[in-house]
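> Here the protein sequences come in this chain order: S and R. With the first letter of the first sequence counted as 1, position 321 gets the number 321 in our numbering; the numbers rise by one all the way through. With the first letter of the second sequence counted as 1, position 83 gets the number 83 in our numbering; the numbers rise by one all the way through.
A hint or two may mislead.
For identical chains, the list gives no copy identity; a pair is met inside one copy or between any two copies.
Stated by the list, open to error - For lysine-lysine, the following DSS-like pairs were computed, each having C-alpha atoms within a straight-line distance of at most 27 Å:
#  : residue 1 : residue 2
1  : Lys387    : Lys230
2  : Lys427    : Lys506
3  : Lys523    : Lys485
4  : Lys248    : Lys439
5  : Lys523    : Lys506
6  : Lys230    : Lys248
7  : Lys241    : Lys342
8  : Lys439    : Lys61
9  : Lys389    : Lys230
10 : Lys227    : Lys389
11 : Lys485    : Lys248
12 : Lys387    : Lys227
No lab work stands behind these hints: they were computed from the structure. Just so we're clear, the structure is a prediction, and the values are computed from it rather than from any experiment.
In case you want the letters, here they are:
Number of protein chains: 2
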Amino acid sequence: METQNLIGYQYIKGGKSFRAISPATGAELEAEFNAASLADVDKAMQLADKAFATYSLTDGKTKAAFLRSIADEINAIGDTLIECAMAESGLPAQRLQGERGRTTGQLNMYANLLEEGSWVDAVIDTAIPNRTPLPRIDIRKMLTAIGPAVVFGASNFPLAFSVAGGDTCSALAAGCPVVVKAHPAHPGTSALVGEAIKKAAQKHNLHEGVFSLLFDDGYTVGEALVKHPKTKIVTFTGSLKGGMALVKMAQERDEPIPVFAEMGSVNPIILLPKALENRAEELAKLSASITTNAGQFCTQPGLLLAVKSEALNKFKKALAVAIADVNSATMLTPGICANFNKLSNSVIADDAVTIIAKSDKLDAGNVNQGVAVVTEITASAFLADEKYKEEIFGPYSMLIVADDVAQLEQVVNSLHGQLTATVMAEKEELPQYKTITNKLAKLAGRVILNGPPTGVEVGNAMQHGGPYPATSDSRFTSVGTGAIKRFVRPVCWQNWDNDLLPDELKDGNPLNIWRLVNGEIAK
Amino acid sequence: METQNLIGYQYIKGGKSFRAISPATGAELEAEFNAASLADVDKAMQLADKAFATYSLTDGKTKAAFLRSIADEINAIGDTLIECAMAESGLPAQRLQGERGRTTGQLNMYANLLEEGSWVDAVIDTAIPNRTPLPRIDIRKMLTAIGPAVVFGASNFPLAFSVAGGDTCSALAAGCPVVVKAHPAHPGTSALVGEAIKKAAQKHNLHEGVFSLLFDDGYTVGEALVKHPKTKIVTFTGSLKGGMALVKMAQERDEPIPVFAEMGSVNPIILLPKALENRAEELAKLSASITTNAGQFCTQPGLLLAVKSEALNKFKKALAVAIADVNSATMLTPGICANFNKLSNSVIADDAVTIIAKSDKLDAGNVNQGVAVVTEITASAFLADEKYKEEIFGPYSMLIVADDVAQLEQVVNSLHGQLTATVMAEKEELPQYKTITNKLAKLAGRVILNGPPTGVEVGNAMQHGGPYPATSDSRFTSVGTGAIKRFVRPVCWQNWDNDLLPDELKDGNPLNIWRLVNGEIAK
Numbered sequence: 001m002e003t004q005n006l007i008g009y010q011y012i013k014g015g016k017s018f019r020a021i022s023p024a025t026g027a028e029l030e031a032e033f034n035a036a037s038l039a040d041v042d043k044a045m046q047l048a049d050k051a052f053a054t055y056s057l058t059d060g061k062t063k064a065a066f067l068r069s070i071a072d073e074i075n076a077i078g079d080t081l082i083e084c085a086m087a088e089s090g091l092p093a094q095r096l097q098g099e100r101g102r103t104t105g106q107l108n109m110y111a112n113l114l115e116e117g118s119w120v121d122a123v124i125d126t127a128i129p130n131r132t133p134l135p136r137i138d139i140r141k142m143l144t145a146i147g148p149a150v151v152f153g154a155s156n157f158p159l160a161f162s163v164a165g166g167d168t169c170s171a172l173a174a175g176c177p178v179v180v181k182a183h184p185a186h187p188g189t190s191a192l193v194g195e196a197i198k199k200a201a202q203k204h205n206l207h208e209g210v211f212s213l214l215f216d217d218g219y220t221v222g223e224a225l226v227k228h229p230k231t232k233i234v235t236f237t238g239s240l241k242g243g244m245a246l247v248k249m250a251q252e253r254d255e256p257i258p259v260f261a262e263m264g265s266v267n268p269i270i271l272l273p274k275a276l277e278n279r280a281e282e283l284a285k286l287s288a289s290i291t292t293n294a295g296q297f298c299t300q301p302g303l304l305l306a307v308k309s310e311a312l313n314k315f316k317k318a319l320a321v322a323i324a325d326v327n328s329a330t331m332l333t334p335g336i337c338a339n340f341n342k343l344s345n346s347v348i349a350d351d352a353v354t355i356i357a358k359s360d361k362l363d364a365g366n367v368n369q370g371v372a373v374v375t376e377i378t379a380s381a382f383l384a385d386e387k388y389k390e391e392i393f394g395p396y397s398m399l400i401v402a403d404d405v406a407q408l409e410q411v412v413n414s415l416h417g418q419l420t421a422t423v424m425a426e427k428e429e430l431p432q433y434k435t436i437t438n439k440l441a442k443l444a445g446r447v448i449l450n451g452p453p454t455g456v457e458v459g460n461a462m463q464h465g466g467p468y469p470a471t472s473d474s475r476f477t478s479v480g481t482g483a484i485k486r487f488v489r490p491v492c493w494q495n496w497d498n499d500l501l502p503d504e505l506k507d508g509n510p511l512n513i514w515r516l517v518n519g520e521i522a523k
Numbered sequence: 001m002e003t004q005n006l007i008g009y010q011y012i013k014g015g016k017s018f019r020a021i022s023p024a025t026g027a028e029l030e031a032e033f034n035a036a037s038l039a040d041v042d043k044a045m046q047l048a049d050k051a052f053a054t055y056s057l058t059d060g061k062t063k064a065a066f067l068r069s070i071a072d073e074i075n076a077i078g079d080t081l082i083e084c085a086m087a088e089s090g091l092p093a094q095r096l097q098g099e100r101g102r103t104t105g106q107l108n109m110y111a112n113l114l115e116e117g118s119w120v121d122a123v124i125d126t127a128i129p130n131r132t133p134l135p136r137i138d139i140r141k142m143l144t145a146i147g148p149a150v151v152f153g154a155s156n157f158p159l160a161f162s163v164a165g166g167d168t169c170s171a172l173a174a175g176c177p178v179v180v181k182a183h184p185a186h187p188g189t190s191a192l193v194g195e196a197i198k199k200a201a202q203k204h205n206l207h208e209g210v211f212s213l214l215f216d217d218g219y220t221v222g223e224a225l226v227k228h229p230k231t232k233i234v235t236f237t238g239s240l241k242g243g244m245a246l247v248k249m250a251q252e253r254d255e256p257i258p259v260f261a262e263m264g265s266v267n268p269i270i271l272l273p274k275a276l277e278n279r280a281e282e283l284a285k286l287s288a289s290i291t292t293n294a295g296q297f298c299t300q301p302g303l304l305l306a307v308k309s310e311a312l313n314k315f316k317k318a319l320a321v322a323i324a325d326v327n328s329a330t331m332l333t334p335g336i337c338a339n340f341n342k343l344s345n346s347v348i349a350d351d352a353v354t355i356i357a358k359s360d361k362l363d364a365g366n367v368n369q370g371v372a373v374v375t376e377i378t379a380s381a382f383l384a385d386e387k388y389k390e391e392i393f394g395p396y397s398m399l400i401v402a403d404d405v406a407q408l409e410q411v412v413n414s415l416h417g418q419l420t421a422t423v424m425a426e427k428e429e430l431p432q433y434k435t436i437t438n439k440l441a442k443l444a445g446r447v448i449l450n451g452p453p454t455g456v457e458v459g460n461a462m463q464h465g466g467p468y469p470a471t472s473d474s475r476f477t478s479v480g481t482g483a484i485k486r487f488v489r490p491v492c493w494q495n496w497d498n499d500l501l502p503d504e505l506k507d508g509n510p511l512n513i514w515r516l517v518n519g520e521i522a523k
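Please take these sequences and the hints and turn them into a complete structure.
Okay, structure coming up:
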């Protein structure tokens with residue numbers, strides 16, 4: 001495996017060395033990586049800027065072929081990739097195989113989008129020379145790439161939100177060169193995928209600056225990347241603290257740039273009375289959404305909300321049984337595991353909080369185990385302390401019990417922005433809770449009826465984003481085809497020569513894409 | 001005229017009084033206004049938040065009728081509005097009549113957009129229960145209002161970018177209640193238009209919090225509005241310094257919020273050799289774009305770029321003749337005039353700078369006169385000092401003379417982000433300057449061939465925005481139907497009950513709008 005920093009098509013060793021840690025054993029893994037130097041950062045960004053001049057103008061078919069080649073190269077790595085990711089992340093093989101499928105699926109989805117071509121939102125208003133009082137001049141607008149993007153790999157998706165994950169994939173689709181800062185928890189996985197992207201870029205004779213991959217187990221490289229004058233946009237998936245540090249850095253530059261940070265969310269689930277009455281035990285299957293892969297998902301449900309009732313007691317009992325049976329799971333990093341234990345124990349220690357469900361299946365053969373636990377609190381105690389609204393990343397959830405619907409509504413109104421908000425309800429009871437469901441749609445990017453919030457569909461209709469603190473800008477998504485919008489801006493050409501217009505805007509619609517022409521959608 | 005702060009449907013007097021100044025005479029105008037108190041700010045924002053719950057869900061037809069009523073009420077004010085705006089801004093009647101038409105035109109354009117309805121970008125992926133390995137669940141996405149908006153009135157468009165201007169209009173269209181901070185240079189104009197909006201809101205029985213109008217001749221009210229927790233988005237048109245101060249404030253809140261600030265631009269115009277050779281005198285008509293309304297437009301061309309030639313000398317002579325003949329014009333405020341004189345005189349005082357054209361028509365009967373002037377500098381001197389890239393707001397432009405095309409390209413590469421970039425060229429010479437024109441499209445939101453950058457068409461294809469420092473986020477526009485995108489975010493409904501979905505997303509497409517359904521655009 002190439003373990004060096006990849007700058008364009010060159011491998012460069014870098015400085016200070018580090019090794020990944022196997023979260024399951026706590027031991028250092030064999031491969032040695034080296035943090036990039038500030039000169040490496042500059043070189044990667046300068047190359048990205050150079051590549052931008054040509055790559056941003058590359059036609060959709062070529063970009064699509066590039067993305068498909070990346071998918072092929074990732075598949076070509078075979079089991080080595082899964083084994084490496086398992087060792088570095090502690091995630092099971094099946095999950096990582098699924099995640100690889102999602103990663104290549106995303107790449108192919110964007111390839112389809114580029115080949116179809118209408119994503120550029122072409123708008124054409126042709127000239128009206130005899131309009132009064134002033135003639136209308138021909139104006140044509142479409143989305144175009146912003147510039148070099150810096151992508152931070154996420155710890156919890158070593159494939160799908162990392163080196164060739166959703167951010168890289170949508171940036172490359174948009175026409176933005178990408179410099180990835182590899183997550184230090186999975187450098188080997190990152191290196192393997194980085195090499196796959198390099199091979200794909202070479203295959204299509206792209207400017208080498210289209211992709212670089214830099215390592216660092218500290219913050220120096222990330223900071224230098226965000227502050228580099230050639231960087232035009234940054235994406236990040238991780239903690240609120242980490243995300244907001246990047247946003248602040250980006251805003252303090254001479255030229256402020258946008259940062260799309262997907263940060264914290266507790267993804268509330270409201271259990272309505274009739275649903276509890278009719279199917280308390282079925283609802284207890286939410287235990288899977290709470291605990292799968294040690295609950296290390298941005299959409300993991302950290303809050304359950306209900307009005308007290310006999311049916312709720314039945315649900316609690318069923319949930320206790322289900323959670324007791326959940327095996328402990330290796331968490332992604334020792335740091336994440338320590339933080340999970342610290343935060344959950346701190347909440348559990350409060351007088352207002354009781355444990356209603358806890359796993360008794362600890363895997364004693366491995367370290368950094370996340371052990372599932374669900375607590376309970378009264379709505380009034382919850383409302384009295386802001387700390388209960390904070391995300392506890394891991395297999396943990398808290399049931400908030402309200403005295404009545406009015407108090408339930410009060411809790412909903414107190415919540416911060418979310419990626420998702422879910423209602424478990426019988427169809428007939430939904431209309432009477434319209435105030436609450438309307439509020440959920442104001443609170444979250446995705447509202448769900450009768451299903452778990454985990455399992456994020458990658459498609460056209462997905463919105464994975466939401467009001468702060470779920471993300472730094474609720475107007476964008478980081479999953480689905482909409483994610484490309486983060487990396488593009490509209491440019492309009494006024495009275496421009498038809499031959500010199502981008503093909504998307506030319507007379508006769510040579511690319512046969514959907515366009516808004518003089519107010520009418522047409523092909 | 002009601003001169004008090006308008007909070008919902010109530011007029012409230014406020015504190016410290018101030019009067020507008022007639023820029024033409026320098027004297028205070030009669031009407032007295034009072035700065036809103038912090039309690040007024042809080043009251044307006046709380047009302048806006050309350051209104052948001054219902055107004056954000058108001059159907060498109062009702063919102064459209066509201067916007068049309070605002071236009072009608074503005075027209076109903078009649079000449080009083082034009083006279084008031086003339087006295088406060090120093091702008092001539094004809095320009096203000098045109099601007100009123102643009103303002104009501106914008107309102108009606110958004111009404112059309114809402115009635116047509118497809119602007120919400122509805123995307124529907126229906127369920128595929130038998131998909132493997134996992135079934136696809138029904139997901140439906142559309143754009144929805146973000147929350148209460150704070151709009152800062154601009155000095156240079158007392159109607160079209162002020163109380164009922166493009167920002168207010170697109171925010172209200174999106175479903176966001178608006179609190180306007182009136183520009184202190186035209187409080188009377190603001191009050192008249194504010195009352196028109198109030199009447200329109202009352203006519204349609206909207207929640208009174210849908211609109212408020214606050215006065216202040218200082219910064220206290222603006223700052224309190226941006227920092228108020230109920231404020232979810234801010235728009236501003238004005239100086240780089242003012243815009244960035246708001247961006248910073250918004251980022252430092254507990255909950256950071258987006259600010260769309262349209263700030264500084266020098267709107268370069270490149271005069272290519274053949275165009276100069278063939279029509280130097282016609283090109284000198286750019287004098288109008290440089291000087292109309294004392295050059296107080298965001299798209300006023302502050303830089304002209306050319307390679308030295310005999311034809312360029314001819315252009316300079318023709319420009320000198322044209323500019324000499326331009327009457328001085330009253331500038332918007334004494335402050336703007338003083339700043340214009342200070343900045344232009346500071347540049348003119350430099351050894352590297354010569355005057356090539358200057359008006360000799362000073363209106364001695366009025367004060368605060370902007371007198372047109374065009375200077376010249378060599379490309380190498382221009383490249384040596386960053387200060388020449390700064391906007392000088394007023395009837396001023398600078399011709400940069402390059403030794404050759406390579407140096408011209410060097411100048412283009414050195415420029416900051418722009419709202420517009422223009423090329424004056426003969427069709428046959430354009431292809432050989434493709435590197436330069438490509439660069440212009442990277443630099444600006446709008447690229448123009450053979451026409452002045454001033455005169456911003458209000459339509460679907462317009463992009464009025466560009467890379468920093470032209471705006472704080474190049475991904476949005478403040479003119480045209482696209483401006484609504486600043487105020488909305490996507491929300492998706494997963495597995496939601498069809499009867500409870502917004503009409504835009506229901507089965508059967510009851511609103512008959514264009515939607516992307518399972519990857520196909522359909523009605």
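> Look at each hint and say if it fits the structure.
Now for the hints, and whether the structure bears them out:
1. Proximity of Lys387 and Lys230 under a CA criterion of 27 Å is satisfied inter-copy only: 21 Å between copies versus 39 Å inside one chain copy.
2. Taking CA atoms no more than 27 Å apart as the test, Lys427 paired with Lys506 passes between copies only; the shortest distance there is 16 Å, against 50 Å inside one copy.
3. Taking identical chains as interchangeable, the C-alpha atoms of Lys523 and Lys485 lie at most 27 Å apart whether they share a chain (22 Å) or sit on different chains (23 Å).
4. With identical chains, the CA atoms of Lys248 and Lys439 are never at most 27 Å apart, being 29 Å at best within one copy and 29 Å at best between copies.
5. Proximity of Lys523 and Lys506 under a CA criterion of 27 Å is satisfied in both settings, with 12 Å inside one chain copy and 25 Å between copies.
6. Taking the shortest alpha-carbon separations for Lys230 and Lys248, both the intra-copy value of 17 Å and the inter-copy value of 22 Å come in at or below 27 Å.
7. In the homo-oligomer, the alpha carbons of Lys241 and Lys342 lie at most 27 Å apart inside one protomer (17 Å), although the nearest pairing across protomers, at 44 Å, exceeds that limit.
8. Proximity of Lys439 to Lys61 under the C-alpha cut-off of 27 Å is restricted to the inter-copy arrangement: shortest distance 23 Å between copies versus 43 Å within a copy.
9. Proximity of Lys389 and Lys230 under a CA criterion of 27 Å is satisfied inter-copy only: 19 Å between copies versus 38 Å inside one chain copy.
10. For the homomeric pair Lys227 and Lys389, the shortest alpha-carbon distance between copies (22 Å) is at most 27 Å, but the shortest distance inside one copy (32 Å) is not.
11. Proximity of Lys485 and Lys248 under a CA criterion of 27 Å is satisfied in both settings, with 22 Å inside one chain copy and 24 Å between copies.
12. Only between protomers do Lys387 and Lys227 lie at most 27 Å apart by alpha-carbon distance; the minimum there is 23 Å, versus 32 Å within a single protomer.
The earlier numbered hint that this structure contradicts is number 4, and it is the only one.
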